[in-house]
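Chemist: Top to bottom, those sequences are chains A and B. Going by the working numbering, the letters in the first sequence line up with residues 1 to 215, in that order. Going by the working numbering, the letters in the second sequence line up with residues 1 to 287, in that order.
It cannot be assumed that every hint is accurate.
[Stated by the list, open to error] Simulated restraints, written as ranges between beta carbons of each label pair:
{"#": "1", "chain 1": "A", "residue 1": "Glu157", "chain 2": "B", "residue 2": "Thr79", "range": "29 to 39 Å"}
{"#": "2", "chain 1": "B", "residue 1": "Ala193", "chain 2": "A", "residue 2": "Pro182", "range": "34 to 44 Å"}
{"#": "3", "chain 1": "B", "residue 1": "Thr283", "chain 2": "A", "residue 2": "Gly32", "range": "26 to 36 Å"}
{"#": "4", "chain 1": "B", "residue 1": "Pro77", "chain 2": "A", "residue 2": "Val149", "range": "30 to 40 Å"}
{"#": "5", "chain 1": "A", "residue 1": "Glu157", "chain 2": "B", "residue 2": "Arg14", "range": "40 to 50 Å"}
{"#": "6", "chain 1": "A", "residue 1": "Pro182", "chain 2": "B", "residue 2": "Ala205", "range": "28 to 38 Å"}
{"#": "7", "chain 1": "B", "residue 1": "Val116", "chain 2": "A", "residue 2": "Asp213", "range": "18 to 28 Å"}
[Unchecked claim] Keeping only pairs whose Cα atoms sit at most 25 Å apart, straight-line, the calculated SDA-like set for lysine to any residue is:
{"#": "8", "chain 1": "A", "residue 1": "Lys24", "chain 2": "B", "residue 2": "Phe75"}
{"#": "9", "chain 1": "A", "residue 1": "Lys172", "chain 2": "B", "residue 2": "Gly65"}
{"#": "10", "chain 1": "A", "residue 1": "Lys24", "chain 2": "B", "residue 2": "His265"}
{"#": "11", "chain 1": "A", "residue 1": "Lys24", "chain 2": "B", "residue 2": "Arg269"}
{"#": "12", "chain 1": "A", "residue 1": "Lys24", "chain 2": "B", "residue 2": "Val4"}
{"#": "13", "chain 1": "A", "residue 1": "Lys172", "chain 2": "B", "residue 2": "Arg6"}
{"#": "14", "chain 1": "A", "residue 1": "Lys172", "chain 2": "B", "residue 2": "Ala273"}
{"#": "15", "chain 1": "A", "residue 1": "Lys24", "chain 2": "B", "residue 2": "Arg6"}
{"#": "16", "chain 1": "A", "residue 1": "Lys172", "chain 2": "B", "residue 2": "His265"}
{"#": "17", "chain 1": "A", "residue 1": "Lys172", "chain 2": "B", "residue 2": "Gly270"}
{"#": "18", "chain 1": "A", "residue 1": "Lys172", "chain 2": "B", "residue 2": "Ala271"}
{"#": "19", "chain 1": "A", "residue 1": "Lys24", "chain 2": "B", "residue 2": "Ala273"}
{"#": "20", "chain 1": "A", "residue 1": "Lys172", "chain 2": "A", "residue 2": "Gln194"}
Hints in this document: simulated from the structure, not taken from any laboratory. Even glycine gets a Cβ: it sits at the ideal position worked out from N, Cα and C.
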Amino acid sequence: MTRYVMVADLRRCVGCQTCTAACKHANATPPGVQWRRVLDMEIGEYPDVRRAFVPVGCMHCADPPCMEVCPSTATRQRDDGIVTIDYDLCIGCAYCAVACPYQARYKVETPRFAYGEAPTESEAQRHEAGRIGVSTKCTFCVDRIDSGVEQGLTPGEDPEATPACVNSCIAKALHFGDLDDPDSNVSQLLAENQHFRMHEELGTGPGFYYLWDRA
Amino acid sequence: MRAVPRQQGNWDWRAAGNFLGGGAGTGLLLFAALGGIAGLPVGPIVLLALALIAGGLGFVWLEIGRPWRFLNVYFNPRTSWMTREAYAALPVFAAGLAALWLGPPMIALAALCALVFLYCQGRILRAAKGIPAWREPMIVPLALATGLAEGGGLFLMATPFLGAAPRWALLAFIVMMLLRLGVWTAYRSRLIAAGAPQETLAVLARTARAVAILGVWLPLLAAVAAFEVALLAPVAGACALAGGWWLKFTLVTRAAQTQGFALAHTPARGAGAAGPGARPGWTGRTA
Numbered sequence: 001m002t003r004y005v006m007v008a009d010l011r012r013c014v015g016c017q018t019c020t021a022a023c024k025h026a027n028a029t030p031p032g033v034q035w036r037r038v039l040d041m042e043i044g045e046y047p048d049v050r051r052a053f054v055p056v057g058c059m060h061c062a063d064p065p066c067m068e069v070c071p072s073t074a075t076r077q078r079d080d081g082i083v084t085i086d087y088d089l090c091i092g093c094a095y096c097a098v099a100c101p102y103q104a105r106y107k108v109e110t111p112r113f114a115y116g117e118a119p120t121e122s123e124a125q126r127h128e129a130g131r132i133g134v135s136t137k138c139t140f141c142v143d144r145i146d147s148g149v150e151q152g153l154t155p156g157e158d159p160e161a162t163p164a165c166v167n168s169c170i171a172k173a174l175h176f177g178d179l180d181d182p183d184s185n186v187s188q189l190l191a192e193n194q195h196f197r198m199h200e201e202l203g204t205g206p207g208f209y210y211l212w213d214r215a
Numbered sequence: 001m002r003a004v005p006r007q008q009g010n011w012d013w014r015a016a017g018n019f020l021g022g023g024a025g026t027g028l029l030l031f032a033a034l035g036g037i038a039g040l041p042v043g044p045i046v047l048l049a050l051a052l053i054a055g056g057l058g059f060v061w062l063e064i065g066r067p068w069r070f071l072n073v074y075f076n077p078r079t080s081w082m083t084r085e086a087y088a089a090l091p092v093f094a095a096g097l098a099a100l101w102l103g104p105p106m107i108a109l110a111a112l113c114a115l116v117f118l119y120c121q122g123r124i125l126r127a128a129k130g131i132p133a134w135r136e137p138m139i140v141p142l143a144l145a146t147g148l149a150e151g152g153g154l155f156l157m158a159t160p161f162l163g164a165a166p167r168w169a170l171l172a173f174i175v176m177m178l179l180r181l182g183v184w185t186a187y188r189s190r191l192i193a194a195g196a197p198q199e200t201l202a203v204l205a206r207t208a209r210a211v212a213i214l215g216v217w218l219p220l221l222a223a224v225a226a227f228e229v230a231l232l233a234p235v236a237g238a239c240a241l242a243g244g245w246w247l248k249f250t251l252v253t254r255a256a257q258t259q260g261f262a263l264a265h266t267p268a269r270g271a272g273a274a275g276p277g278a279r280p281g282w283t284g285r286t287a
């Protein structure tokens with residue numbers, strides 16, 4: 001079996017938002033929609049203050065609450081763990097959005113463009129009417145993964161088969177790979193470092209791990 | 001990018017309208033069933049109850065992004081409480097409309113089906129894991145209790161058209177009010193004990209005062225007095241309805257903060273050491 005997950009090394013992330021920009025570029029998301037985000041968290045009070053940059057987005061949970069609540073079965077989970085949305089089935093009720101503890105889902109009611117009401121040339125070419133009025137979120141760049149795997153490439157190792165945010169990361173803080181392969185990059189990172197998953201107590205089994213210190 | 005919980009923006013007054021109409025409609029159907037058994041002419045009340053439930057569902061239809069795909073809501077009865085709610089609504093309308101010809105037994109059947117419908121509404125909220133105020137298990141009894149109290153209130157408001165308010169209706173209304181008070185108190189206590197977004201608790205604390213006066217003590221006093229002064233029955237009902245609707249409207253549109261973001265540990269950066277976790281904007285334990 002294959003279980004694709006993402007690993008974010010919090011020690012390395014510098015909050016540059018290159019992953020955010022790469023995601024927007026790769027997926028042509030409209031203004032206000034960020035499938036990949038990086039939180040800038042300040043923790044503590046002066047003089048004991050810490051700062052952490054925390055990449056967030058869809059966690060592609062093992063037990064996704066968004067899929068459980070979806071009345072139309074538009075949200076599904078593939079055998080490799082990637083949670084998808086069928087835009088042709090979704091009714092845009094946004095139940096998935098309130099069920100997601102990671103605020104990873106977006107619904108845009110009307111077309112939005114970067115510079116006013118008219119799209120730029122690029123936006124006009126890449127605008128997808130099917131994404132209006134429905135729920136959208138990070139797909140782990142599933143098309144790239146599928147295309148890469150068809151070519152015999154390894155997601156997480158070969159850039160052509162790896163999510164855009166991971167490819168773009170300037171600090172090598174983001175990693176992607178198969179958790180079920182003990183020799184994969186992500187399995188080794190998790191073995192060598194202490195890690196946690198966000199809101200693990202909610203029982204969603206997020207497929208997004210955060211490294212915070214050496215093992 | 002804010003890490004603290006913030007009011008969800010996906011469900012607005014239209015979604016709240018579904019919970020308002022569904023709850024009050026169900027409660028009214030239950031009281032109409034009792035009234036029918038008591039021999040009262042409750043046909044118009046049944047119609048009003050069905051209109052409330054239909055109106056609530058209509059509000060949801062206005063909110064969804066792809067309204068002409070609304071039949072897709074029936075695709076996931078296996079796990080989705082929204083699908084189950086949609087299925088549960090069908091026999092409510094079938095039995096409710098049939099009751100106009102077939103009388104009290106069908107009203108009772110419609111009321112039973114409506115209770116299932118209202119239960120589904122409570123479970124819809126509970127399944128929303130992203131909203132701490134909704135996923136608290138006591139939200140289900142709260143949805144049921146306040147819906148029944150609102151329906152009782154509406155029934156009392158209709159009593160001038162039925163003659164005097166029956167004593168059984170006043171008694172049942174008082175029981176529903178006490179039930180709502182108990183469940184509302186337990187709901188808030190559990191939310192505080194479990195830990196919740198600070199803003200959620202602050203909003204609920206502010207709301208609690210209004211709910212206590214308008215939704216509990218005024219209607220209770222008026223209902224007790226209505227045993228002697230029948231004119232006070234509609235006043236009690238109106239207060240109970242307003243208090244319940246305000247409570248639910250607040251729960252959906254103002255006290256529905258998201259989970260926010262949390263770290264179990266802060267990372268070791270550079271030569272520094274790792275630090276404790278953090279859950280900004282929450283009460284109780286950190287992470």
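Chemist: Does each hint fit the structure? Answer for all of them.
Modeler: Do the hints match the structure? See the list:
{"no.": "1", "hint": "Glu157/A to Thr79/B: 29 to 39 Å", "verdict": "35 Å, holds"}
{"no.": "2", "hint": "Ala193/B to Pro182/A: 34 to 44 Å", "verdict": "42 Å, holds"}
{"no.": "3", "hint": "Thr283/B to Gly32/A: 26 to 36 Å", "verdict": "30 Å, holds"}
{"no.": "4", "hint": "Pro77/B to Val149/A: 30 to 40 Å", "verdict": "34 Å, holds"}
{"no.": "5", "hint": "Glu157/A to Arg14/B: 40 to 50 Å", "verdict": "47 Å, holds"}
{"no.": "6", "hint": "Pro182/A to Ala205/B: 28 to 38 Å", "verdict": "51 Å, violated"}
{"no.": "7", "hint": "Val116/B to Asp213/A: 18 to 28 Å", "verdict": "51 Å, violated"}
{"no.": "8", "hint": "Lys24/A to Phe75/B", "verdict": "32 Å, violated"}
{"no.": "9", "hint": "Lys172/A to Gly65/B", "verdict": "38 Å, violated"}
{"no.": "10", "hint": "Lys24/A to His265/B", "verdict": "29 Å, violated"}
{"no.": "11", "hint": "Lys24/A to Arg269/B", "verdict": "28 Å, violated"}
{"no.": "12", "hint": "Lys24/A to Val4/B", "verdict": "24 Å, holds"}
{"no.": "13", "hint": "Lys172/A to Arg6/B", "verdict": "31 Å, violated"}
{"no.": "14", "hint": "Lys172/A to Ala273/B", "verdict": "20 Å, holds"}
{"no.": "15", "hint": "Lys24/A to Arg6/B", "verdict": "24 Å, holds"}
{"no.": "16", "hint": "Lys172/A to His265/B", "verdict": "20 Å, holds"}
{"no.": "17", "hint": "Lys172/A to Gly270/B", "verdict": "15 Å, holds"}
{"no.": "18", "hint": "Lys172/A to Ala271/B", "verdict": "18 Å, holds"}
{"no.": "19", "hint": "Lys24/A to Ala273/B", "verdict": "34 Å, violated"}
{"no.": "20", "hint": "Lys172/A to Gln194/A", "verdict": "17 Å, holds"}
When the structure is compared with the earlier hints, violations turn up for hints 6, 7, 8, 9, 10, 11, 13 and 19 and for no others.
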